[in-house]
Amino acid sequence: MSKKSKKKFKRIDGRAADELRPLKIETGVVPNAAGSAYIEMGRNKIIVGVYGPREMHPKRLSMPNKGVLRARYHMSPFSVDPRRSPAPSRRDQEISMVLGYALEPALFLERYPRSVIDVYVEIIQADGGTRCASVNAASVALADAGIPLKDMVSSCAAGKIDGHLILDLGDYEDKKGEADVPVAYMPNLDQITLLQMDGILTPEETEEAILMALEGCKKIYQVQKEVLSKKYARPPELESTEEKTEEEGE
Amino acid sequence: MSAKFESRDIVLPGDLLYEGRARAGDNTYRREGKIYATRIGLVDYTGGRVSVIALRSSYTPIVGDVVIGTVVDVELGQWKVDIGAEKEAILTVNEAIDRPFRTNMNLVRILDVGDTIAAKIVDLDKRRTPILSIRGRDLGKLENGFIVTMTPSKIPRLIGKKGSMINMILKETGCHIIIGQNGRILVNGPNREMEDLVTTIIEKIEAEAHIPGLTNRIQAFLKSYKEKKE
Amino acid sequence: MSSGIVSRLKRKKVLELLEAGTRMDGRGLLEYREMTIRSSFLEKAEGSAEVRLGKTHVIVGLKAGVGTPFEDTPDEGVLMVNAEFTPMANPTWEPGPPSEAAIELARVVDRGLRSAEILNMESLGLVSGEKAYILFIDLYILNYDGNLIDACGAGAIAALKGARIPSYKISEDNEVSKTGKTKKLKLRRHPIPVTITKIGDYLILDATAEEEEVADGRFTVTFDEKGNVTTLQKSGAVGFTLDEIKKCINIASEKAAEIRKIALGK
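Protein sequences appear in the order of chains A, B and C.
Numbering-wise, the working numbering puts 75 at position 75 of the first sequence, and it's gapless, one number per residue.
Numbering-wise, the working numbering puts 1053 at position 53 of the second sequence, and it's gapless, one number per residue.
Numbering-wise, the working numbering puts 2260 at position 260 of the third sequence, and it's gapless, one number per residue.
Residues of chain C clear of chain B, computed beta-carbon distances all greater than 10 Å: (1) Arg2038; (2) Thr2179; (3) Ala2237.
Covered stretches of chain C, going by a simulated chain A footprint (3 or more residues, C-beta under 8 Å): (4) 2048 to 2061; (5) 2076 to 2089; (6) 2140 to 2147.
If you're looking for bench data, these hints aren't it; they were derived computationally from the structure.
Built from N, CA and C at the ideal position, the CB exists for glycine as well.
Work out the full structure, taking the sequences as your base and the hints as a guide.
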């Protein structure tokens, strides 16, 4: 074990073990949606559009005592190589469910009986860790839509390759590595809302991987915060030294 | 100090706003003795209450609100109206006309699918369905003009304290404006130029509502617009 | 294309403005919104184009693979066009298999490319009756604000023009393998669709979602650069007079040239 750590560990794209891929988030990218966000995490390109809360059709799918969160994860045919069919696959359906579980704890669904909040995720280009990137964008899109949230949700995956624990797996590491542990987290409430694992890890490694992923989630939360607050930062030319109290027209 | 921010700071959902005893106001929630923000907005600590003035909000129907909606269905004795809320609203015949309802009445002749109405929310039923009425001044079918939308939480800025903002706009543009609390605004002007001006002002308010000095800026904008014309 | 509910108020206002020679956003009746196209920006697609036409936002992806040619054209490559109306693009759009409107969009763009014989399909054959290039063009609608046909038609041309498809070598026993090199597609022509929308007695170009909602019908004309009409499509439950059709064809022939420049990145 010590021999391995002495040898310099290099990831396929040159990153350090605990380094995130370049991350970019934008809001308001789908004008028709109530809220939206675009994310680039490494080579992932993902758009999320949110609608609601709104009347649910068909009525029989609605719930009498709380609203329904309908998350739909879908990959465009040209997001991967070779092309995949536009029809939803079983993997799409599983990830849709898991995405829903990741976001629902942050919502006040009991306020919207018989209604639905639709979260539509479209993967434009996939490169490993799309479910985590989707959670990050969906959380920002929900805030952009003005839907009340208990907390933001931030998500990142940890894993293992060549015996080393790593953060934010790219496609290659996802496929060739020994383990993949995606995690989603509500940073202010300190709660994990998504946790999956594929691969082989000892219980100690598992715990380490989760801790590593949580560190990644916290870093991503800072980016989400920055993007949302920057949108409302005052442009310098509008700084007014005369602040009249009659402004407050509430 | 138990306040975690300065008044008027921008806060995000999940931000811890206050620790300790205080009333939890709009767009906040309380958990284990702490108050958190639920929407993006400006935190406000005045009056012993912790609240957030939301910069982005979905519309929550409140009894008494005037709203603008589109008729989406005609049923027996009532219409279904889309007001952009989590439930479609209901307008019964009793709340639309003075005559009593008779089953052979052709509702479509009163209001049809595709009609736009200004209505008041008179009740929320036990399923939180908004119940509307168009009996009242300035309510009913809208025949002229077009709709501009705005995030519902910024509507108060369009109205202004004691109507100062909207009255200024009405006076300077000569447009007829009906403000829906659901973020839909009907504009009908004497000419296209004035209608465009109102649309531009509404867009400006949407973009700058959270920056102090708004009324002054809109005033200055209108002034320079008039000067440019001369 | 919307839920089918037409706002009376909207239609009245739109017609009022048309009568005055203008539209809701101040454009002239035959004026296009700004169109921008960025091509070859996706790494996992052999070709791609992102089109913004006003608030209409579309991504066209081109994937090239190897598959079985059709039985009746054993020496030709295969071109397929598919349209996806993503549910986020419009409040009334729901997830599910392609709607009528999505199928019509894909077919009109497809026919525009095919009739113009944009590609030499025989050059895309590999092993007669067994292997050929299969080209998929996916029209992905991300935000709907009208005029999807023109946006997708121009996007398809941009995606095809910038595409780099893998080269294959064919062994003695007809085994097909990649050479590791890529090559561009030879486009013989660049057909561009122009859609004219009819509202009342008025003919307009580049309709927004609002205008399409209140429209009576529309007519798409696809032109190649030689000035030939390669596709016609009349849509909507309303009649057009011959005079109107002629007007549409004239209008389209002028506009097609302008849009082609944007699609080809000039």
